[in-house]
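The whole structure should be built from the sequences, with the hints applied where relevant.
Protein chains: 4
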Amino acid sequence: MIIVLKSQSEDKDINRLLEILDNKNVQAHKVNGLDSKVLILSGDTHKIDPYSIESIDIVNKYIEIKDPYKKANRLFHSEDSVYNIKGKTIGGKNIALIAGPCSVESQQQIEDIAKKVKRDGASFLRGGAFKPRTSPYTFQGLGTAGLEYLKEASRKTGLPIVTEIMSADYMDQFVEYADIIQVGARNMQNYALLKELGKINKPILLKRGLSATIEEFLLSAEYIMANGNDKVILCERGIRTFETYTRNTLDLSAVVAIKRLSHLPIIVDPSHACGRDWMVSSLSKAAIAVGADGLIIEVCEDPENAVSDGQQTLTPFCYKKLVKELRVLAKAVGRDIA
Amino acid sequence: MIIVLKSQSEDKDINRLLEILDNKNVQAHKVNGLDSKVLILSGDTHKIDPYSIESIDIVNKYIEIKDPYKKANRLFHSEDSVYNIKGKTIGGKNIALIAGPCSVESQQQIEDIAKKVKRDGASFLRGGAFKPRTSPYTFQGLGTAGLEYLKEASRKTGLPIVTEIMSADYMDQFVEYADIIQVGARNMQNYALLKELGKINKPILLKRGLSATIEEFLLSAEYIMANGNDKVILCERGIRTFETYTRNTLDLSAVVAIKRLSHLPIIVDPSHACGRDWMVSSLSKAAIAVGADGLIIEVCEDPENAVSDGQQTLTPFCYKKLVKELRVLAKAVGRDIA
Amino acid sequence: MIIVLKSQSEDKDINRLLEILDNKNVQAHKVNGLDSKVLILSGDTHKIDPYSIESIDIVNKYIEIKDPYKKANRLFHSEDSVYNIKGKTIGGKNIALIAGPCSVESQQQIEDIAKKVKRDGASFLRGGAFKPRTSPYTFQGLGTAGLEYLKEASRKTGLPIVTEIMSADYMDQFVEYADIIQVGARNMQNYALLKELGKINKPILLKRGLSATIEEFLLSAEYIMANGNDKVILCERGIRTFETYTRNTLDLSAVVAIKRLSHLPIIVDPSHACGRDWMVSSLSKAAIAVGADGLIIEVCEDPENAVSDGQQTLTPFCYKKLVKELRVLAKAVGRDIA
Amino acid sequence: MIIVLKSQSEDKDINRLLEILDNKNVQAHKVNGLDSKVLILSGDTHKIDPYSIESIDIVNKYIEIKDPYKKANRLFHSEDSVYNIKGKTIGGKNIALIAGPCSVESQQQIEDIAKKVKRDGASFLRGGAFKPRTSPYTFQGLGTAGLEYLKEASRKTGLPIVTEIMSADYMDQFVEYADIIQVGARNMQNYALLKELGKINKPILLKRGLSATIEEFLLSAEYIMANGNDKVILCERGIRTFETYTRNTLDLSAVVAIKRLSHLPIIVDPSHACGRDWMVSSLSKAAIAVGADGLIIEVCEDPENAVSDGQQTLTPFCYKKLVKELRVLAKAVGRDIA
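Residue numbers (the working numbering), protein chains in the order written: chain A, 525 to 862; chain B, 525 to 862; chain C, 525 to 862; chain D, 525 to 862.
Hints in this document: simulated from the structure, not taken from any laboratory.
A couple of the hints might just be wrong.
Same chains, same names: a pair is fine if it fits in one copy or spans any two.
Subject to a maximum C-alpha distance of 27 Å in a straight line, what follows is the list of computed DSSO-like cross-link-like pairs (lysine-lysine) [as the list claims (entries may be wrong)]:
1. K848 / K639
2. K642 / K585
3. K610 / K530
4. K610 / K642
5. K755 / K530
6. K726 / K612
Keep in mind that this is a model prediction, so the values were computed, not measured.
Next up, the structure:
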């Protein structure tokens, strides 16, 4: 870490700062430039609160050099992380295809769609049992019953289940029923939940918050990993910008950045990113081309009558066509779709 | 609600849409304009998922007319909500002043600062016992001990306590120790937590999420109210924009909007909004002038050595000066500071 | 267009509104819903200022139904626009590759790089002679000399020239020297310039403004087309968001949207979007996969010594490798690279 | 400036970088920290392109220490700039009130409103003769005739004129008719125009671009000043964010920041920032409280029939009431309204 001092800083004030640092077991090497004085720090620099240092009058800037995340950092784990989940893989050369409805609506519905997405190429089944809805007056999901329906659909098709948790209160059920536990965008910084997920041994699909920076996203993964669970799958699902034509703005450059900064697999959710069914296909292709490790796509039999998110949902017919095109594309960029 | 159809829609498709609506107990009045066909809906329109309707080919736009929040809506509750909390008020003509350190660090620290902010004009004491930190490796708060220190500081000064909850697991402790329970910006859409807070009888200070729209903010308040607790205090604390000079961008127009849309009191947190101590004073004045019902400001004895957020924290000396100026200003805009 | 009235509107106020509309030659068809009254308009609705209508007390919402752009609208021009520029095409099945340095620095430099990018697959040469720089103290371009160097490089290689205009004062020179005239992101809403460009007969490459919505972007194209020049090429080059890791956020969903909304070709500038050379290759592939009609990429011999934008610039070696990979990808999505 | 090198940088690569710097007449002082190597630069550092330096493999970060703007910088001009314009002042203790319609519509209209805003307390008259409109099909202003009407209104009332220029082609007319020449938000980075405005001797009202950072805003002022005209007045008018309830988000923290960073006066345009007439009053008060040097407010006789921007425009009745309240408020914060 580096502290840039104001050029007119006086020695007595600098000495006081050195003392504050020394009390925190941080050593400072002082350098006089022509235009500025600079302190180069070493030691227990993680104990320093940058904001407190910048509150000191003589301090111009405090500059972080090291990334604040460690376990998620590729610097200390150069190989791509690859997870094997009930015989299916996420990470590595293979591209994982996750598909299913926004919400579980009934046993029949989820089983039917599970069979279809499996037939059409998906390796994982998604479906929401607990739904985070902006309004308290809209459908909140079937809850535990939804988890049971998913489990049964998984038993019949062999597809591992991806489903969203909203509170650690239901952790036992999720550990029993889900194969990958999803944390939604709105809970990306629900640290109490992340800590609990760090204590279990099950892959976590962590969605990027609507206005989370790449660094904050990796730090949320770090919360899970620092608590003991290193099986984190990241998911870019669009960020909030001024553009209103699309629901969110899919940030594919984040995929490129994260592949370089971290060893964790990162998949893309084009459905929530754009909110329009006719965009899903093109954005899925772009995600594969840019280097994503998988796609999570909303598919249901009857989007018009869906209780949630119909506008962005593909029919099985469209999904089948898309997967076929993705196979060609994956090959062109040196990836496989199992 | 209104559905605008594409101009070339055919009758058979329109009839199919009318059927879908009818199944949901929604009546549609059809009107033919010159350029477009329009359906005006009545009945159980809240059961309709707008995204599902927009997924239908012949639909051009689905337009909401009514606000989706009810209990928080001024339309059905024209008087300002005013809460009396241990003899202090929030809402109405009076401006509530909440002050204290970012984190509770020790019994001594919190008692000292409590006495000082009380002396200087604050009516409520703030302090974090459980801290939502971006990195898992930074100070996470004293936890339960912090709550106890706050309670003791309250006992000695008479100031009611405002402190942040991060998980419903600690609800009992918060009900016992806190007078106002704060929900941080990162948890604004932690619906599991909001529902639990709806079941207790204690004022909730709900902070706006970093990228939450005004409507989403009011819907999060609605989550608490719909579950039974109508004592919600809103807090604007800056939104995330492209500007990097300030930590966030304080959105004072949101205060004006919310005073019109809702009867709930809304206060402003200038400290977190700007992240720079020398801005706090000017932004506090602007908040009063724009019509805010209170201010929550970080004050601590020794910002340079604070374990968190030093940069944006006022010393008691500066806070005292600010409150003096705020009294003059409040009077000029017809408000009181008790 | 539709006007939604407040439910409590009185007849005398509605009649006054009808009069205002009638004065502007707009007919209103009034419909009474259960919850709201609605006016459906026809006639000269483009003469209405939405903001003025919304300033009327009884008006709840004013809703546009028709897109405000006409000549750029695919609705009235269903075929893709394709331009032939000195034997090279932009638009249609072919993907146009534009490459070259950020700034023209010397005759030697631009000729050398022109030969190399041609050899490596580019069909068009880019290079800045007039440079829009954030600071008045940085290199502002060689000006007219730069245009002459570009022309000479074009003469020797046969590559048509793409270069940016900053003021209509130099229009004659640009008409003489350039084959495609670029309007930079900062000038996307410089309407005086757009109008002048509408009066010439030369393709215009219009870059999206940093915070321009898709609709505003198409309306800026409309400014050029409405003034007589219908050869507009759109360019997505990243929008400004809260993310700071990348210079801007490349918005590839805008490409998908624009291909549906408009018949104009749209290309992508990955170099300016990300500002990091190692991202350019992946983002270029994503752009092709998503359906872009071309790529404009910064290539120079010696990025480290470039007078501007070195960080995002590829060497000819990297560009050659990229084009090879793009050819494979283009084929996989049914496109050609000539 | 500081260059932070990657920890594993080798000497031969560092020496090559030192050579590149030396060629640009920049000296580098090398310091070895424990975790990183750092170069502290002196000499002609403004000749360095940060992006080119960051394109070098061994470079981790390039850090600017000095502000890139000089003439606009308070560091070199500690006193507030104050301009006297036909006997009225902008800057200093006085708060300037600028008012008038969005567009000049006729001689009668502008004279009537000029008299009224003068009577109600305004010191300057605003009105658009050349209008930057998003669509080419909406009213574009009366042009030169509008300037003449403004001049006549000024002659009759004594109010100096503020009006927007869109192209340097009309510079002579603006120099003749206007007292303050406005540059609109969309032209904030129209550098060709800024350079021309730097060559005249007339105050320039420079509006902040919709997504301009504070630093970019000051650099645009610097463009005018570096070309010889140091009479720049800045204007905060709202930035573009995700919030859609307001037209833009008024960024009052930018006012506080700019008062510290620069000596230039900064005023606020609440009308364009919010786009809603009933917000203008509260935001005007907040602007005064936060420290703005003036307000530019849209006022017209008949907002409902205005050809542009009716929704955000006050009637003279409301304006009069507002000015009365602002006088009280200005006094409370130690400012005057002449």
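A quick look at each hint next to the structure:
no.: 1; hint: K848 / K639; result: within (17 Å within a copy, 40 Å between copies)
no.: 2; hint: K642 / K585; result: neither (54 Å within a copy, 33 Å between copies)
no.: 3; hint: K610 / K530; result: neither (58 Å within a copy, 41 Å between copies)
no.: 4; hint: K610 / K642; result: within (15 Å within a copy, 50 Å between copies)
no.: 5; hint: K755 / K530; result: neither (44 Å within a copy, 29 Å between copies)
no.: 6; hint: K726 / K612; result: within (14 Å within a copy, 48 Å between copies)
Consistency with the previously given hints fails for numbers 2, 3, 5, ordered from lowest to highest.
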